[in-house]
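Since the structure of chain A is provided, determine the placement of chain B on it from the hints.
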Amino acid sequence: MAEKNALYKWFDERVDLVNLEKFLRHKTVPYHRHSLWYYVGGMCLYLFIVQVITGILLLLYYKPTAEAAYESVQYIMTEVPFGWLIRSIHSYAANLFIGFVFLHMFSVFLMKGYRKPREITWITGALLLFLAMGFGFSGYLLPWNQLAYLATNVGTNFAVMVPFVGKWVLEFLRGGTEVTGATLTRFFGFHVAVLPGIATALLGAHLLFVQRQGMSVPISIEKEINAGKAKRLEIPFFPNFLYRDVVGWSLAFGLIILLSSLFPWELGEKADILKPAPPHVKPEWFFVFMYQTLKYVPKAVGVFGFAIAGGIWVLLPFFDSKSNRGEFNRLYTIIGIAAVVYMVVFTIIGYVAPGE
Amino acid sequence: MADEKIPRRDAINYLLGAGIGALGAATLYPIARYIIPPPASGSGTSSVSAGKVGELKPNEGKIFKFGNAPGILILKPGGDPASALSYAAFTAVCTHLNCTVQYRTDIKEIWCACHNGHFDLNGKVISGPPPEALREFRVAIKGDEIFVSSEEA
Chain A
1 MAEKNALYKW FDERVDLVNL EKFLRHKTVP YHRHSLWYYV GGMCLYLFIV
51 QVITGILLLL YYKPTAEAAY ESVQYIMTEV PFGWLIRSIH SYAANLFIGF
101 VFLHMFSVFL MKGYRKPREI TWITGALLLF LAMGFGFSGY LLPWNQLAYL
151 ATNVGTNFAV MVPFVGKWVL EFLRGGTEVT GATLTRFFGF HVAVLPGIAT
201 ALLGAHLLFV QRQGMSVPIS IEKEINAGKA KRLEIPFFPN FLYRDVVGWS
251 LAFGLIILLS SLFPWELGEK ADILKPAPPH VKPEWFFVFM YQTLKYVPKA
301 VGVFGFAIAG GIWVLLPFFD SKSNRGEFNR LYTIIGIAAV VYMVVFTIIG
351 YVAPGE
Chain B
1 MADEKIPRRD AINYLLGAGI GALGAATLYP IARYIIPPPA SGSGTSSVSA
51 GKVGELKPNE GKIFKFGNAP GILILKPGGD PASALSYAAF TAVCTHLNCT
101 VQYRTDIKEI WCACHNGHFD LNGKVISGPP PEALREFRVA IKGDEIFVSS
151 EEA
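Going line by line, the protein sequences match chains A and B.
Residue numbers for the first sequence follow the numbering used here, so the first one is 1 and each next one is one higher.
Residue numbers for the second sequence follow the numbering used here, so the first one is 1 and each next one is one higher.
Read the hints as simulated data drawn from the structure, not as lab findings.
Any given hint could turn out to be false.
Partner residues aside, some chain B positions facing chain A, computed with beta carbon under 8 angstroms [to be verified]: (1) PRO30; (2) ILE31; (3) TYR34; (4) ILE35; (5) PRO37; (6) PRO38; (7) LYS108.
Heads up, simulated DSS-like pairs for lysine-lysine below, C-alpha to C-alpha not over 30 angstroms straight-line [claimed, not checked]: (8) B/LYS65 with A/LYS270; (9) A/LYS322 with A/LYS167; (10) A/LYS229 with A/LYS322; (11) B/LYS76 with B/LYS142; (12) A/LYS295 with A/LYS63; (13) B/LYS65 with A/LYS63; (14) A/LYS322 with A/LYS223; (15) B/LYS5 with A/LYS4; (16) B/LYS52 with B/LYS65.
The structure displayed is predicted, hence computed values, not measured ones.
Where a beta carbon is used, it is the ideal one built from N, C-alpha and C, also for glycine.
Chain A extracted, bound-state conformation:
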C-alpha cells in the first residue's frame, strides 16, 4: 500500500478505500461444474447498462409525437453521425437482453437458486423479467411504424380482459380508447421514466440481496460436498470472476456491433391508421409463444392462464418446500424443462406455421 498515490490517499481518508479493497479482495464466488451460469446475471446487468447509455443518446434526437416520431428516428438513422449505430445497438442489445434475462431465469430455476434464503432475490428477479418485457413492448412503439402500431393495438387490447376495470386499464395504457399519438407519448413516458425508475429500485434490491447472500450453490453440488465427494471451491470475485465477466461482455459487445454494422435495424413504414393489417403480423419474438397459444385456446383461458402462471412463477419459492429443505425436487426440474420446451416450440410454430 506504500506506493498508493495522493488521490487514493485523499479518497481513502474520506471513504475508507482500504476497507473496500479488502472487501473486494475477500469476496469470492463458488466454483463448480455449473458455475458458468453465474455469468448470465452479470451479462444481463451489462446489457441493461448498454441500454441506459444508448437510450439516453437516442433521447437527444427522438421526438415523442405522432407527427414527428417516425421522422425523428429516420433523422437519427440517416442524418446524425453514427445515429444508425446507436439505434441499432439499442435494438439488438434490447433483444439480447431479453434473451439473457430468460436464460438467467431458467438457469436459476433449474439450479433451484430461488430456494430459501433467496426468495426475495427470485421475486425481484421475476418482476424485473416482466419489466424487461414491458420495456420491450413500450419501446417497440416508439419509432411509430406500421408494425409497431398494429402490435400495440393487439397488445393493449388484452387489457380489456382485466376483470371489472379492464376498460379503465385500456384507456390508461392508450391515453384514450384508441391507439393514437396520445398512446405514443404515454409509452414514451413509461419507457424512459416510469419503467426505468421501477427497474432501478428493483435492480438495486436484487443486487443487494445477491451481494449479501452470495451465489447459490446447486443442491446436487451441495450434496456432493456434504458427502465428501467434492471440495468446496471458490474463486476471488476480483479480479478472477470479474475478468471472466469482462470477456463475456466484450464478446456480446462485438456481436452487437457486428450485427448493427451488417444489418442496421430497420425502420419500416410510418404508421398509418387507415392501412389494414398485413398478413402474418406478429408481436416481438418474446411474446410470440403467448400469441401463438391464443390461436388454439379461447382468449379468456389463455390470458388468465398466463396471468395465473406468471403469478405462480413469481411466488415459486413458497411452493417448492422440498428444495427449501435442500432436497432435490425432480418434479420442479421437469416443470421447468417443460416450460422451456413449450415456449421454444410455440415460438417456432409462431414463425413457421403458414397462414395461421
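Relative to chain A, chain B alone:
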C-alpha cells in the same frame, strides 16, 4: 539497447492497456460524433418570402422566419411599398446576447428591449451594448411578394 528486455508481464500489460484504450476510443468516438447534431436543414436557407407588398405601411416593421431564426423587415419612413429600395431587412437576432429585436415606430430605430440596444435603419449600432451591426439581408420584390435573401445586400 539491444540487451534491454521488456519483462513479459510488462509487455502483456502494455498490450492489454493499448487494447482497452483502443476499444475505449472506438466506443467514445462515435458517441462524441453522435452528440454533435448535424447542420440543421433550416440554417442553410438563403431566400424566403418575408411578406406581401402592401402588408407594411411606411415606418412599420415585422418579424419573419428566416430559416430557424427570426429576421426583421422594415418599410422605411416615407418609402414606396412597391419599391424594393424602400425596404430594409436584417437578422432580428441582436448581436449582444441574441435577443430578438423590434422596430420602434416612435423613434424610427431598431431596438433591442433586453439591454436597450439601438440600431439605425442600416443596422449600425447607435447606442447600447451591442458590439456589432445587425447582418443585413437583400430585399427583392417579385410580383406582390417580398423576398429576402442572405446574399450581401
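Now for the hints, and whether the structure bears them out:
no.	hint	in the structure
1	PRO30	holds (4 angstroms)
2	ILE31	holds (7 angstroms)
3	TYR34	holds (5 angstroms)
4	ILE35	holds (6 angstroms)
5	PRO37	holds (7 angstroms)
6	PRO38	holds (5 angstroms)
7	LYS108	violated (42 angstroms)
8	B/LYS65 with A/LYS270	holds (29 angstroms)
9	A/LYS322 with A/LYS167	violated (42 angstroms)
10	A/LYS229 with A/LYS322	holds (23 angstroms)
11	B/LYS76 with B/LYS142	holds (19 angstroms)
12	A/LYS295 with A/LYS63	violated (36 angstroms)
13	B/LYS65 with A/LYS63	holds (22 angstroms)
14	A/LYS322 with A/LYS223	holds (14 angstroms)
15	B/LYS5 with A/LYS4	holds (27 angstroms)
16	B/LYS52 with B/LYS65	holds (14 angstroms)
Of the numbered hints given earlier, the model fails hints 7, 9, 12; all others are met.
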